[in-house]
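Put together the whole structure using the sequences plus the hints.
So the sequence lines, in the order shown, correspond to chains A and B.
Mapping the first sequence onto UniProt numbering, position 112 (from 1) lands on 112, and the numbers just tick up by one.
Mapping the second sequence onto UniProt numbering, position 1 (from 1) lands on 1, and the numbers just tick up by one.
Honestly, the hints are just simulated from the structure, not real lab data.
Keep in mind it's a predicted model, so treat the numbers as computed, not measured.
Honestly, I wouldn't trust all of these hints.
Which copy is meant is left open, because identical chains are indistinguishable; a pair holds if it fits in one copy or across any two.
As the list claims (entries may be wrong) - List of simulated lysine to any residue pairs, SDA-like, C-alpha gap at most 25 Å:
| id | residue 1 | residue 2 |
| --- | --- | --- |
| 1 | K286 | E262 |
| 2 | K286 | L266 |
| 3 | K140 | S24 |
| 4 | K265 | E289 |
| 5 | K130 | P283 |
| 6 | K43 | N145 |
| 7 | K130 | G94 |
| 8 | K140 | Q46 |
| 9 | K15 | K140 |
| 10 | K140 | P92 |
| 11 | K130 | A230 |
| 12 | K140 | N49 |
| 13 | K36 | I9 |
| 14 | K140 | S13 |
| 15 | K88 | A230 |
| 16 | K43 | N111 |
| 17 | K155 | N49 |
| 18 | K241 | E273 |
| 19 | K140 | E39 |
| 20 | K237 | N194 |
| 21 | K43 | H137 |
| 22 | K140 | L16 |
| 23 | K130 | D156 |
| 24 | K140 | R38 |
| 25 | K265 | K286 |
| 26 | K341 | E210 |
| 27 | K286 | K337 |
Protein chains: 2
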Amino acid sequence: MAKNEKVTIYDISKKLNISAATVSRALNNNPKISEKTRELVMKTAQELNYKQNRLALALKSGKTNSIGVIVPYINRNFFSAVIDGIEKQLTPHGYNVIICQSHEDAINEANHINALLNTQVDGIFMSVSKTTHDTVHIEKILENNTPLIFFDRKKDIPGVSSVTIDDFRGGYMATEHLIQQGAQRIAHFCGDLNLEIYKNRNNGFLRALEDHNIPINKNLIIHTNSRIEAGAEAVAKLWAKKNRPDAIFSSSDYAALGAIQELRKLKVKIPEEVGVVGFSNEPFTKYMELPMSSIDQTPVTMGEIAAQVFLEQINNKQHVLSVEKRVVLAPELVIRKSSNKTKSLKGTPPVSTE
Amino acid sequence: MAKNEKVTIYDISKKLNISAATVSRALNNNPKISEKTRELVMKTAQELNYKQNRLALALKSGKTNSIGVIVPYINRNFFSAVIDGIEKQLTPHGYNVIICQSHEDAINEANHINALLNTQVDGIFMSVSKTTHDTVHIEKILENNTPLIFFDRKKDIPGVSSVTIDDFRGGYMATEHLIQQGAQRIAHFCGDLNLEIYKNRNNGFLRALEDHNIPINKNLIIHTNSRIEAGAEAVAKLWAKKNRPDAIFSSSDYAALGAIQELRKLKVKIPEEVGVVGFSNEPFTKYMELPMSSIDQTPVTMGEIAAQVFLEQINNKQHVLSVEKRVVLAPELVIRKSSNKTKSLKGTPPVSTE
Numbered sequence: 001m002a003k004n005e006k007v008t009i010y011d012i013s014k015k016l017n018i019s020a021a022t023v024s025r026a027l028n029n030n031p032k033i034s035e036k037t038r039e040l041v042m043k044t045a046q047e048l049n050y051k052q053n054r055l056a057l058a059l060k061s062g063k064t065n066s067i068g069v070i071v072p073y074i075n076r077n078f079f080s081a082v083i084d085g086i087e088k089q090l091t092p093h094g095y096n097v098i099i100c101q102s103h104e105d106a107i108n109e110a111n112h113i114n115a116l117l118n119t120q121v122d123g124i125f126m127s128v129s130k131t132t133h134d135t136v137h138i139e140k141i142l143e144n145n146t147p148l149i150f151f152d153r154k155k156d157i158p159g160v161s162s163v164t165i166d167d168f169r170g171g172y173m174a175t176e177h178l179i180q181q182g183a184q185r186i187a188h189f190c191g192d193l194n195l196e197i198y199k200n201r202n203n204g205f206l207r208a209l210e211d212h213n214i215p216i217n218k219n220l221i222i223h224t225n226s227r228i229e230a231g232a233e234a235v236a237k238l239w240a241k242k243n244r245p246d247a248i249f250s251s252s253d254y255a256a257l258g259a260i261q262e263l264r265k266l267k268v269k270i271p272e273e274v275g276v277v278g279f280s281n282e283p284f285t286k287y288m289e290l291p292m293s294s295i296d297q298t299p300v301t302m303g304e305i306a307a308q309v310f311l312e313q314i315n316n317k318q319h320v321l322s323v324e325k326r327v328v329l330a331p332e333l334v335i336r337k338s339s340n341k342t343k344s345l346k347g348t349p350p351v352s353t354e
Numbered sequence: 001m002a003k004n005e006k007v008t009i010y011d012i013s014k015k016l017n018i019s020a021a022t023v024s025r026a027l028n029n030n031p032k033i034s035e036k037t038r039e040l041v042m043k044t045a046q047e048l049n050y051k052q053n054r055l056a057l058a059l060k061s062g063k064t065n066s067i068g069v070i071v072p073y074i075n076r077n078f079f080s081a082v083i084d085g086i087e088k089q090l091t092p093h094g095y096n097v098i099i100c101q102s103h104e105d106a107i108n109e110a111n112h113i114n115a116l117l118n119t120q121v122d123g124i125f126m127s128v129s130k131t132t133h134d135t136v137h138i139e140k141i142l143e144n145n146t147p148l149i150f151f152d153r154k155k156d157i158p159g160v161s162s163v164t165i166d167d168f169r170g171g172y173m174a175t176e177h178l179i180q181q182g183a184q185r186i187a188h189f190c191g192d193l194n195l196e197i198y199k200n201r202n203n204g205f206l207r208a209l210e211d212h213n214i215p216i217n218k219n220l221i222i223h224t225n226s227r228i229e230a231g232a233e234a235v236a237k238l239w240a241k242k243n244r245p246d247a248i249f250s251s252s253d254y255a256a257l258g259a260i261q262e263l264r265k266l267k268v269k270i271p272e273e274v275g276v277v278g279f280s281n282e283p284f285t286k287y288m289e290l291p292m293s294s295i296d297q298t299p300v301t302m303g304e305i306a307a308q309v310f311l312e313q314i315n316n317k318q319h320v321l322s323v324e325k326r327v328v329l330a331p332e333l334v335i336r337k338s339s340n341k342t343k344s345l346k347g348t349p350p351v352s353t354e
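Shown next as structure tokens:
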């Protein structure tokens, strides 16, 4: 149908009785063409519905005013909030933000990268999937000279800017808070240590124990994914044994939610017998029957800063690959009922209670 | 930089010592070219990093294997679940799903449509924004002969397929359930009646009252948006007067959440004094201190069916604009504590309790 019968510059040239070369130059904003002719061509192009060839123009100019964002899932509040921050900064600059989800699958991620490069986006923001081990497909972005900015989950690729939060500090704060609440046997749901963010949270956990002279007990470190069921299973496993934990620090809010559900089934009192702290401050943590303490990652700020890094990078084109910024944001501990034994809190900032 | 020094078919032709026309035909899968030559050309194209011109190919064939989805917000579980349904169906067919959010702004929506048409997507799925009144920007999709499928929130445009749920039935079920729980003065938070979905929920509410011989009281119908604050304000307004309601049916889970928070502040007992039912079955409704009854819209099914309608449409190209499907799904009432005074439920299917 009409897609194959599309309007070409020849149709415009015929209608205006000028050469196709002139039409082409006018559409390309060639300074040799008078403003009057340019306007006439643009108007006729619009009348004839010449839109598809604007893509060809983009192909030529290398600018589409679109940027792509690849996240594992859009339905995690953390990721959608980062995207909001990116849009907040880039929409006023005329950018269209296109979102893709990898579903934690490196193959999907590679397909999205190809599609985004094929549609000539002006930049790509990404948070890598859990199954992304090698980075060949990501390096294609750089080979294409398209700016790339990592947020939250990154890979170490020279020349690539990133905006992350200090996950080590987040892990440290959560653990220290539980120790201050009297915990001595803290279980840690550590997530996939292949990802830097989880490794750093884990390191923060270990350092806090060390700093407070609490011996590390490997039986209390459970590898979970970030699903509700994983947290429930981890609790079932821990409570099947003797020497149960007196606190849980979960690198995932969802696993922490599963833990709380399972602990309630087992009639374990929270926070009296076991304090629980999650990570991400997903909105549901606030609305739970027993509101959950968590680490807030200031995702909107993360998205805004990622967008600013992108704008700086493209406004500095001659060095496009040599500018590398690594912004690390401070996390915030939000203390709620699930870990708060004392009524008045003596937490040091940045700590907020709700 | 390299974006302007890109590899052309001439580079491939030079390297292989064959004509540029042969290279072009091979890349276009022209049957005149032998399989051996085609493979050689493809391999060389890959080696030379010929990716950008694949866009030119897409321009020629009119197929990019990308489809665009425009939703008001990605961070509403309903919309992200529909998108999951679409991806579940289309990813196995080699489609890349690109997501854009309108933030309920018709201008954003128009910009996204332009960008998606310019990148030559093979189809657009959309749920219109609340501020979309005229449909000129949407009709551009049809003028471009790109398949368009509405889901949930649609506009009446001839020839456009849609997948929606029976909002009238959802409104009716929620209201009838409250009546069966003994309510006689039911307040309704009706949303923006400019949108069909809210109009239909409102009509379902009105019909249920009528069928149960309950007089309609306009003072109990409150125009709210779907934000937590709107629900809290509506309760504050209703409870400032005499003749307070004994139940609330909110067209939005978020407004219902705000209502519950405000009712608790006012020490009103839920569900004993006031039963509350929301709409959408957002995940937080389950995790609330007082789990909320709601209407489930089966969003994954909605996305899957929307994707199937798209596939049928493109596989039936000669009639691409004449195929119009209107699929209406049945909603499901999920009864939880916020509206359940009786311990044993006698609900008629489709009703589930949790």
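Comparing the hints with the structure gives:
1. K286 with E262: For K286 and E262, the Cα distance is within 25 Å both inside one copy (18 Å) and across copies (15 Å).
2. K286 with L266: both (23 Å within a copy, 20 Å between copies)
3. K140 with S24: Classified as between: cross-chain Cα gap 24 Å, same-chain 31 Å, threshold 25 Å.
4. K265 with E289: both (14 Å within a copy, 16 Å between copies)
5. K130 with P283: For K130 and P283, both the intra-copy (23 Å) and inter-copy (24 Å) Cα distances are at most 25 Å.
6. K43 with N145: Result: close only across copies, 22 Å inter versus 33 Å intra.
7. K130 with G94: Between copies only: 22 Å across, 32 Å inside.
8. K140 with Q46: between (35 Å within a copy, 12 Å between copies)
9. K15 with K140: between (43 Å within a copy, 22 Å between copies)
10. K140 with P92: between (29 Å within a copy, 24 Å between copies)
11. K130 with A230: Classified as within; 16 Å inside a copy, 38 Å across copies.
12. K140 with N49: between (34 Å within a copy, 9 Å between copies)
13. K36 with I9: Result: close within a single copy only, 18 Å intra versus 35 Å inter.
14. K140 with S13: So K140 and S13 pass the 25 Å test across copies only (23 Å; inside, 39 Å).
15. K88 with A230: Classified as between: cross-chain Cα gap 23 Å, same-chain 35 Å, threshold 25 Å.
16. K43 with N111: between (37 Å within a copy, 18 Å between copies)
17. K155 with N49: Only across copies: K155 and N49 sit 23 Å apart there, 43 Å inside one copy, limit 25 Å.
18. K241 with E273: Within. Shortest intra-copy distance 16 Å satisfies the 25 Å Cα cut-off; inter-copy 45 Å does not.
19. K140 with E39: Between copies, since 22 Å is at most 25 Å while 38 Å is not.
20. K237 with N194: For K237 and N194, the Cα distance is within 25 Å only inside one copy (23 Å; across copies 53 Å).
21. K43 with H137: So K43 and H137 pass the 25 Å test across copies only (17 Å; inside, 41 Å).
22. K140 with L16: Intra 43 Å, inter 24 Å, cutoff 25 Å: inter-copy only.
23. K130 with D156: within (15 Å within a copy, 42 Å between copies)
24. K140 with R38: Intra 37 Å, inter 24 Å, cutoff 25 Å: inter-copy only.
25. K265 with K286: Intra 20 Å, inter 16 Å, cutoff 25 Å: intra and inter.
26. K341 with E210: within (23 Å within a copy, 52 Å between copies)
27. K286 with K337: Answer is both; intra-copy 10 Å and inter-copy 18 Å each pass.
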